[in-house]
Amino acid sequence: KAGVTQTPRYLIKTRGQQVTLSCSPISGHRSVSWYQQTPGQGLQFLFEYFSETQRNKGNFPGRFSGRQFSNSRSEMNVSTLELGDSALYLCASSLRGENTEAFFGQGTRLTVV
Amino acid sequence: AQKVTQAQTEISVVEKEDVTLDCVYETRDTTYYLFWYKQPPSGELVFLIRRNSFDEQNEISGRYSWNFQKSTSSFNFTITASQVVDSAVYFCALKGNYGGATNKLIFGTGTLLAVQP
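In order, the protein sequences belong to chains A and B. At position 94 of the first sequence the residue is numbered 94 (this note's numbering), and the sequence of numbers has no breaks. At position 1 of the second sequence the residue is numbered 1 (this note's numbering), and the sequence of numbers has no breaks.
Hints are computed from structural coordinates only; laboratory data are not their basis. We put the beta carbon where it would ideally sit given N, CA and C, even for glycine. Among the hints, a few may not be true.
[Said to hold, decoys possible] Pulled a few chain A residues facing chain B out of the computed Cβ check, cut under 8 Å:
1) G42
2) L43
3) N99
Sequences are here, hints too, so could you generate the full structure?
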């Protein structure tokens, strides 16, 4: 069974640009969450999608957005990139329900220059 | 408020030593879930264990064991006879009820474990 796939693995962007990251969850998983990991702030929750609906959102500016498609694949978009957006962005997929674990992809390393 | 504290930033041990990683959590939820993840240099978070708040039974899985104590809000993780391959950052995480079904995880700051040969 394939794991969580994130593309691209590495990305270098310039300040002010926008970027789109992609996540394909484990087959059968309909919940997708996104996290940002930085040395200073650690792992922080961005948002969660289930059945194409955003179910929960972390404390990030509106420049960070996401969506989920009918096949459960998800994308997150960051507009007007800032240097501080440089981070490892991790996607996690889960079955529905509280008593379940999340499985993570290898992440997309975004560097903003 | 939900919070996870991993006071140990870095631990260094010699191979075959036992090592315990500490995790203390805060939550007002009566039902919640605790997790341990391992993050090797490749970056992927690898799921290790899930524990429900209503199940305080401790668990042993090979060289890994977990000690969950609600009275002290702790969920500690022990590696017995550590190996170089155990070197990684270990994260403790909490998932609460938040008034509805959600998979949002609150992570601790992680503990970097270095196992020397």
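Structure-based check of each hint:
1. About 5 Å separates the beta-carbon of A:G42 from the nearest beta-carbon of chain B, less than 8 Å, and the hint is met.
2. About 4 Å separates the beta-carbon of A:L43 from the nearest beta-carbon of chain B, less than 8 Å, and the hint is met.
3. Interface restraint check for A:N99: the shortest CB-CB distance to chain B comes to about 6 Å, inside 8 Å, so the restraint holds.
Figure legend: structure checked against the earlier numbered hints; every hint is met.
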